[in-house]
Amino acid sequence: MKARGRSTRHAARPARDTYVFRLFVAGDEPNSALARENLGRLCDAHLPGRFEIHTVDVLKHAEVAYKHNVIVTPTLILIRPLPRVTLFGTLRDAGQVLAALRLTGAP
Amino acid sequence: MPTGIAGLDVVLGGGVPAGRVTILSGGPGSGKSTMGLQCLLRGAEAGEAGILVMFEERAATVRQDAWSRGWDLARLEKQNKLFLLDARLDPAAVMAGEFSINGLLAILDHRIAAMRAKYIVIDAVDALLHRYDSPSRERHELYSLHEWLLDRGVTTIMTVKAIENDKARSEYAFLDFMADCVIHVDQRVTAQITTRRLRVIKYRGSGYGRNEYPFVINEAGINIIPMTSNVLQHRPPGARISSGTAWLDDALAGGYRQGTAILIAGTAGSGKTTLACLFTRAACLRGERVLYLNFEESPEAMVANMLSPGVTLQPLINKGTLAIRSYLPEAMGVEEHLFHSLQDMSECRPTSVVVDAISACKRMGSEQAAFDYLMRILNACKERGITCLCLNQSSGRESIDDISGIGISSLIDTVVLLRHRQAGDTMVRQLVVMKARGSRHSEQFHEFRITNRGIVLAKA
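Protein sequence lines correspond, in order, to chains W and C. Going by this note's numbering, the first residue of the first sequence is number 1, and it counts up by one from there. Going by this note's numbering, the first residue of the second sequence is number 1001, and it counts up by one from there.
Incorrect hints may have been included.
What the hints assert, rightly or not - Looking from chain C toward chain W, a few residues come up when the C-beta cut is under 7 Å (computed):
{"id": "1", "residue": "Ala1087"}
{"id": "2", "residue": "Leu1089"}
{"id": "3", "residue": "Val1094"}
{"id": "4", "residue": "Met1095"}
{"id": "5", "residue": "Ala1096"}
{"id": "6", "residue": "Ile1101"}
Hint data in this document are derived by calculation from the structure and do not stem from the laboratory. A quick note: this is a predicted structure, and the numbers were derived from the prediction, not measured. Note that the Cβ used here is the ideal one computed from N, Cα and C, for glycine as well.
Starting from the given sequences, assemble the full structure and let the hints guide the process.
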């Protein structure tokens, strides 16, 4: 993980069908920690080896939050593949999140 | 902190509480967003930066609406004195568990520091609250936001939609307990005329005006017209001035007195307007300025009709000593009329004002509306030492005590009554001075005729 609140976690060999996420969190507050955990678990299970998660801490990068119009945390944005999808919250319901990310039925 | 809305600062005893949160609630179109923006603008113009957080409107729309009022937001934004933050949540976003508005707070923190912002206006905070799935979460989030704002020490105005539904109102009732200052605005329709009202519900640690105050929104923004003060500051009656009719001056022991209120009451066609116009002409010929507020005739019709009793007004208008302003009573609510009348008064700087006729003022909405209007006009005149001549068309059946029909008699210093009497096959006009405060006066019924050379006594 990079320092200063922006970190990237991704698979060794990014492929064409790699899922790229941007996850906006607010430091270590509980909702953000939960979202980080839930997203990581979900990607490992359903997108092994083909995901990238760019985490932005809004407390350290307010301008990035502003640029992306991020009002609430946690906010997850699916950057690729298009179309973009935005989710608010802890991502606690894996079924709902998978459906929103068009991953239902994936292995 | 002054709001920049002159009347509101008087009502609030100086402005909104500095470093605290003020709640501004009201229904749709009640003017709460405009008020918020006007406060930010005043601050920005005075060099104190402010931030507008919008949960409902687009920044571009706000800029456009402001532009139509002559407010150049873009210039202030460029000067870093104003920042519009579009905080609308993506309606397509999926709600997937608990969240908080830390993103917004982080952006705000950054901006407050960068701009040294003193003011924040949070517009339509209810739009944010709707995104939470439970009332307790809404409440919790709002309390955190309130604490956060207090910690930052910025002066905040939050606008909230007031919901008429009782259940919804109780859900948001905690807002009123939380904030240090709560202001409610509404617009209501009485007898088909819309009026806007403002009321301060609470203001911790401050004296404030507790009444409902009428206000208007015009192209320049919000205008509130509070009673200028709670003490009577009327000037004492001034020198004698001619009524414009020599024999009436005699009956009044020398004429009216400057700065007093005079009521001329009478049935239709009894000569009220003629008497008022004779007074007007005499005043103008003395070099004084007269403002004639006409609720019954257009200036052109009035000028033409007055040629019959031989009162020429056009030269006085041309000279600029006479200003006739005609308004349709039902065109506006009482506070809008008041606003226009007071504006006319400050533009014309008259020595005398004529209101023709107070009976028509009832058409501003109700008898109460007419009373409000007249009382404020009479007070404004008396504070400025302006003579105010009110005409009232009476049915002739009112009791002597209630000749104005609107309950303003205590503010009236002089009452002149005109009436008809039948004598054989002719109509006889009569005038009597019923009251002349602080002065002796004739108690006789004077018979008079309206000729093409004014009003003359029937018998010498």
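Outcome of the hint check:
A cut of 7 Å between beta carbons decides the hint on Ala1087 of chain C: the least distance to chain W is about 5 Å, and the hint holds. At a threshold of 7 Å, the smallest CB-CB gap from Leu1089 of chain C to chain W is about 6 Å, leaving the interface hint in force. Hint on Val1094 of chain C holds. Least Cβ distance to chain W is approximately 4 Å, under the 7 Å limit. The interface hint given for Met1095 of chain C holds, since its Cβ lies 6 Å from the closest Cβ of chain W, which is under the 7 Å cut-off.
Against a cut-off of 7 Å between C-beta atoms, the interface hint on Ala1096 of chain C holds, since the closest Cβ of chain W lies about 4 Å away. At a threshold of 7 Å, the smallest CB-CB gap from Ile1101 of chain C to chain W is about 6 Å, leaving the interface hint in force.
Comparing the model with each numbered hint stated earlier shows that all of them hold.
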